[in-house]
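Take the given structure of chain A and dock chain B to it, following the hints.
Spelled out from the first residue to the last, the chains are:
There are 2 protein chains.
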Amino acid sequence: MARRKSETPRKRPGGRSARVRSDVLQATLEELADVGYGELSFERVADRAGVHKTTLYRRWENKENLILEAMLERGRDRIPIPDTGSLSSDLAELGKEIIANLSDPGVQATTRTVASIRDRDSAIAELGRRFWRARVELASAILDQAKTRGEIPSQVEPGLLIEALSAPIYFRLLLTDEPLDDEFVEQLAKRVASVGKSRPR
Amino acid sequence: MARRKSETPRKRPGGRSARVRSDVLQATLEELADVGYGELSFERVADRAGVHKTTLYRRWENKENLILEAMLERGRDRIPIPDTGSLSSDLAELGKEIIANLSDPGVQATTRTVASIRDRDSAIAELGRRFWRARVELASAILDQAKTRGEIPSQVEPGLLIEALSAPIYFRLLLTDEPLDDEFVEQLAKRVASVGKSRPR
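Here the protein sequences line up with chains A and B, keeping their order.
The opening residue of the first sequence carries number 1 in my numbering; numbering runs sequentially from there.
The opening residue of the second sequence carries number 1 in my numbering; numbering runs sequentially from there.
Only chain A is shown next, with the shape it has when bound in the complex (with noise of 0.2 Å):
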């Protein structure tokens, strides 16, 4: 997959304590795709960030706090909210944003760990509930854009479409090994668009 302008992490603001929190961050996703979720614990995060661990517990209690901030972030900086003039294409844009994101073996990793998980009850399942809804409150400005421009009504329900969009790119990533090209993300955001025009009930 070619890299792409907007995978640059943008520059934090901050002093020490942001610099802080970005190098823990970053470690827990190096950490993610080294050893996994079983294996990854506040201690080697500590170690690989080079701060005190006592740092990690007090900021984030648990392990699946630090996860699921990390995967956040990362998505956050690299799933910019696209503002091209039209439904569909901001939702091709998400499309291979969200593509590129999974291909961080961090990020992957951890998608894989929730998906074979079976106790729903596990921290870690509800670690992939808590990273959906930010996810799905984030891009949901795609569909206010799209509402104001009145391409779609305003009924439209964003969970939805964001469902219709991401869950084929994660059924293809996670079960079938179909293609994840740019061609796939933009028929599929064109279907998706049309679908959201179209309000069938």
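Please note: incorrect hints may appear among the correct ones.
If chains are identical, the list can't say which one is meant, so a pair holds when it fits in one copy or spans any two.
[Said to hold, decoys possible] Listed below are the simulated SDA-like cross-link pairs for lysine to any residue, each with C-alpha atoms no more than 25 Å apart in a straight line:
hint, residue 1, residue 2
1, K147, G85
2, K197, R76
3, K147, D23
4, K197, G38
5, K190, G50
6, K147, E137
7, K190, V156
8, K197, L138
9, K197, E183
10, K190, P82
11, K197, E178
12, K53, A18
No wet-lab data here; the hints were simulated from the structure.
Note that the structure is a prediction, hence the values are computed from the model and not measured.
The following block gives chain B in isolation, referenced to the frame of chain A:
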């Protein structure tokens, strides 16, 4: 989830060989539910089915072939191709059958295992791909019926519509835990059917 009439396995015709096959495939799903893909072995399945393990080696060669056949067979029994007279309700029926099938612990455990594997060259990842291709082939009968009725244009690609129906179901099961109730499936089926009819380009 309410048990459905169609979940009663149909009686298979044939003599001892057909019964042995049926017992082995059933034992395979039970083993998958109990011990998972990693621990499943021809020895354990043969013990459970009360047959000699050489029978299994002769017929299936490796456990991935055996698991694939067990899952496809269950899919064939439990996911009959609906023919209700409309694409939207055929898709809704299919969606409900997919959800009922995924509630089988062996099927679900295998699905989660496929999703957890990063190495897409592995035998279990190949199993996921083969299962998917076989399911699309079976389900395309629904689209052939709709084409015969003139409900959708003949050039609609079956894989894309079946994916648009299936992906949100797996996505909710594996990642987001959003509800998989009848209302969800019926709305989803309507949206997917409307995309098939509108033929966006």
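Checked hints:
1. K147 <-> G85: Intra 11 Å, inter 35 Å, cutoff 25 Å: intra-copy only.
2. K197 <-> R76: neither (27 Å within a copy, 36 Å between copies)
3. K147 <-> D23: The answer is neither: 38 Å in one copy and 56 Å across copies each exceed 25 Å.
4. K197 <-> G38: neither (43 Å within a copy, 46 Å between copies)
5. K190 <-> G50: neither (46 Å within a copy, 53 Å between copies)
6. K147 <-> E137: Within one copy only: 15 Å inside, 38 Å across.
7. K190 <-> V156: both (16 Å within a copy, 15 Å between copies)
8. K197 <-> L138: within (21 Å within a copy, 31 Å between copies)
9. K197 <-> E183: For K197 and E183, both the intra-copy (21 Å) and inter-copy (21 Å) Cα distances are at most 25 Å.
10. K190 <-> P82: within (15 Å within a copy, 28 Å between copies)
11. K197 <-> E178: Close across copies (24 Å), not inside one copy (27 Å); limit 25 Å.
12. K53 <-> A18: Within one copy only: 16 Å inside, 61 Å across.
Checked against the numbered hints listed earlier, the structure breaks hints 2, 3, 4, 5; every other hint is satisfied.
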